[in-house]
Amino acid sequence: MSQDQKTVEQFVVEGLSCPSCIRKVEGALRENPKVGDAHLNLSTQRLSVKWANDNDIGPDDSLLVIDILGKIGFNAFPLREQKSASDEKELRTLLKAIAVAGFAAANVMLLSVSDWFGADMGENTRQLFQWVSALIALPAAAYAGLPFYRSAWNAIKNKHLNMEVPISVAVILACGMSLAQAIQGNGETYFDAATMLLFFLLIGRYLDRKMRASAKSTAQNLVSHQSFFANLLQDDGSVKKVALEQVNPGDIIHIGSGERIPLDGRVKHGSSEIDASLITGETTPEKVNVDSNVFAGTINLGQPIEVTVENTSGATILDEIIRLMENAEQNRAKYVRLADKAASIYAPAVHLLALVTFLAWFFVAGISWQESLITAIAVLIITCPCALGLAVPVVQVVASSRLFKAGILLKSPDGLERMAEIDTVVFDKTGSLTLGEPQVDSFDTATVSELQIAAAMAARSSHPLSRAFVAFCEKRRIYPSEHIEQIEEEAGLGLKTILNGQEYRLGNREWCNIEDESGKTINQSEIWFVSAAGRNVQFTFKDKLRSDAKECVDWLKGNKLDVIILSGDRMPVVKEMAETLGVQDYFGEIKPQDKAAKIEELKKSGRNILMVGDGLNDAPALAAANVSISPSTAADISQTASDFVFLPKELSSLIEAYKTSKRSRRLVYWNFSLAALYNVIAIPFAAFGFLTPLVAALAMSGSSIVVILNALRLNLGAPMNSERIKQ
Amino acid sequence: MNVLAFLIPVALLMGLGGLIAFLWSLKSGQFDDLQGATYRALFEEDDIGKTE
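Just so you know, the protein sequences line up as chains A and B, in that order. With my numbering, letter number 71 in the first sequence gets 71, and the count goes up by one each step, no holes. With my numbering, letter number 41 in the second sequence gets 41, and the count goes up by one each step, no holes.
Just to be clear, a hint being listed does not mean it is correct.
[As the list claims (entries may be wrong)] Taking lysine-lysine and the DSS-like style, the derived pairs with C-alpha atoms no more than 27 Å apart in a straight line are:
id, chain 1, residue 1, chain 2, residue 2
1, B, K27, A, K50
2, B, K27, A, K216
3, A, K216, A, K341
Honestly, the hints are just simulated from the structure, not real lab data.
With these hints in hand, go ahead and build the complete structure from the sequences.
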């Protein structure tokens with residue numbers, strides 16, 4: 001293996017679903033002479049590419065990788081942010097500490113058990129065992145405890161108490177006291193308790209950090225999707241695909257039919273229709289001509305257009321939305337995590353208890369200060385929040401893996417806790433309650449053979465309406481006719497073919513020469529089909545509700561959650577939908593700025609809000625709400641702003657996320673109670689001086705195991721789906 | 001008690017061996033992609049193409 005440093009580039013790869021994906025991706029890349037080595041990490045969905053020769057790498061080489069992967073059916077994006085090295089390093093340090101603590105705990109336990117049960121052990125052997133234990137435990141505790149000591153020291157410096165303070169105090173005192181006992185050669189040692197404590201606590205801490213890191217890397221993968229490419233129009237009239245960063249204001253970009261507009265700009269050439277639903281929530285396409293402004297994130301439905309890129313920094317809609325979103329994020333009250341809340345009560349209580357124990361023995365019972373101190377330390381050891389340190393992380397890890405299996409990505413670590421507290425669900429309409437893609441709504445009568453011809457024509461086009469039409473035909477088991485060979489497409493207008501000497505056309509009103517007919521609304525998306533007989537057939541399209549939207553809303557209402565619809569679409573459309581769903585509170589024609597303001601207003605009235613949204617116009621509202629969820633079809637910024645992202649097309653994902661959050665909070669409380677119960681039983685032992693190392697070890701491992709088993713209960717029960725909601 | 005002088009070091013060395021093996025595997029990146037490793041085990045060595 002060559003040792004010299006080669007530049008490594010990271011990519012996020014989408015669509016990795018099969019074991020052979022690794023082989024396909026790496027194989028395809030390694031065949032290229034420019035690529036030195038490629039390694040795909042299936043867990044993180046990231047690909048690192050090492051170039052064969054560092055000297056001839058240009059910006060186009062990232063495109064090369066993306067092209068190669070595109071050809072074999074994977075979407076790849078350059079990783080936007082640098083891999084957070086500090087997270088990786090912390091996890092590694094913790095794993096090493098776990099290994100050391102585990103080794104020490106096991107070996108010290110080996111010696112301790114023989115001490116507890118080896119009744120015929122001589123005094124010398126006993127002392128030998130204690131010294132060997134000290135030899136293992138002291139360095140191990142010094143090394144493995146470092147993450148806790150550091151955090152505790154920082155807390156004390158800032159004059160407050162966190163969970164690490166009692167942990168550090170207990171470990172250090174246990175080691176110190178045991179060493180003193182070993183030197184004096186009488187009494188019990190607690191080396192096993194100290195190392196076991198560290199072992200369990202480190203596991204809890206590792207799980208917690210691991211979940212945070214994976215939530216963060218999910219978020220980073222999503223952010224990377226934002227890097228689109230633009231088709232830059234060269235001086236000689238040719239089109240070159242370049243990374244978005246390389247486009248300068250004043251450049252002219254080419255936007256084909258059905259493509260997403262990558263940057264804000266002004267139309268220089270051509271006229272078309274734009275689907276701006278992602279920005280405005282408005283479903284009716286908007287007509288644009290020369291000099292009209294077009295915005296990033298909208299889709300060109302009609303003919304290809306050329307757009308002059310405008311200065312993106314400043315007053316474009318995108319900037320406005322990002323600014324609003326950042327404001328909203330700052331306003332999101334600093335959420336105190338459950339574990340921290342518990343620590344703020346627990347830590348002072350424990351220290352107070354130990355102090356009381358010491359004072360009571362010393363002054364009231366009147367025994368020597370050394371013995372009083374030993375008893376006080378015993379209290380600290382036994383109350384050390386071992387189960388408490390595991391209570392939250394284990395539940396969260398189990399919950400997030402359960403959600404992941406259901407296709408729901410958890411993006412922020414405390415999203416689960418915030419989700420469990422909601423009392424109001426605010427829905428955006430387009431793309432959230434609806435699928436956000438057109439579906440055939442109404443159609444004139446046509447014969448099967450006519451539909452077959454139309455389907456064959458539509459299958460050649462990538463226009464969203466064509467695709468929706470093909471899907472509509474397939475659902476009715478009408479498959480494209482195979483007799484047609486020559487189909488011509490006029491981008492943005494329609495398609496035509498000649499069959500048996502007769503012309504068929506499929507496309508918009510203009511393309512099919514349709515005169516305005518009264519009674520047929522133009523306000524809808526439509527395509528026309530002109531058959532050989534000269535018959536005109538109209539198909540209209542509408543964005544339909546998700547299949548289980550009604551059940552989902554009913555379920556939420558049945559579970560005492562208020563449902564509100566907040567949409568940028570026209571009032572009559574919103575009203576109709578609200579009535580279909582049985583939602584009383586609805587607001588239409590709301591601008592992006594007002595959406596976030598509305599959320600703030602609802603929050604001021606004491607509500608905890610879950611925002612469900614997908615559009616750019618929802619991003620500030622998503623950030624403003626207590627917790628937010630968006631579908632994976634959402635605008636990238638919205639996905640970045642929300643705490644959860646769900647992949648399935650059904651809204652039942654939302655309920656699954658809610659129920660899992662609720663259940664995990666209940667389990668966390670359960671775990672807290674179990675930990676408290678164990679303390680209630682164990683503290684009297686310690687305070688009255690009956691604590692033996694055996695009792696300490698049993699109590700500690702017993703409570704930890706109970707807490708873990710309790711958390712695993714979250715995996716029981718089938719996930720929510722449409723059928724289960726109805727019941 | 002002679003047996004102790006022999007057994008304790010043996011137990012400790014075995015534990016230490018395990019610890020070192022784990023730290024080594026962690027360092028050599030064997031824990032980086034647990035999901036991918038389950039599948040990679042099934043590939044032929046030369047299936048993926050050049051590795052150097």
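How the hints compare with the structure:
1. K27(B) to K50(A): Satisfied, since the Cα-Cα distance of roughly 20 Å is no more than 27 Å.
2. K27(B) to K216(A): 23 Å, holds
3. K216(A) to K341(A): 23 Å, holds
When the structure is compared with the earlier hints, no violation turns up for any of them.
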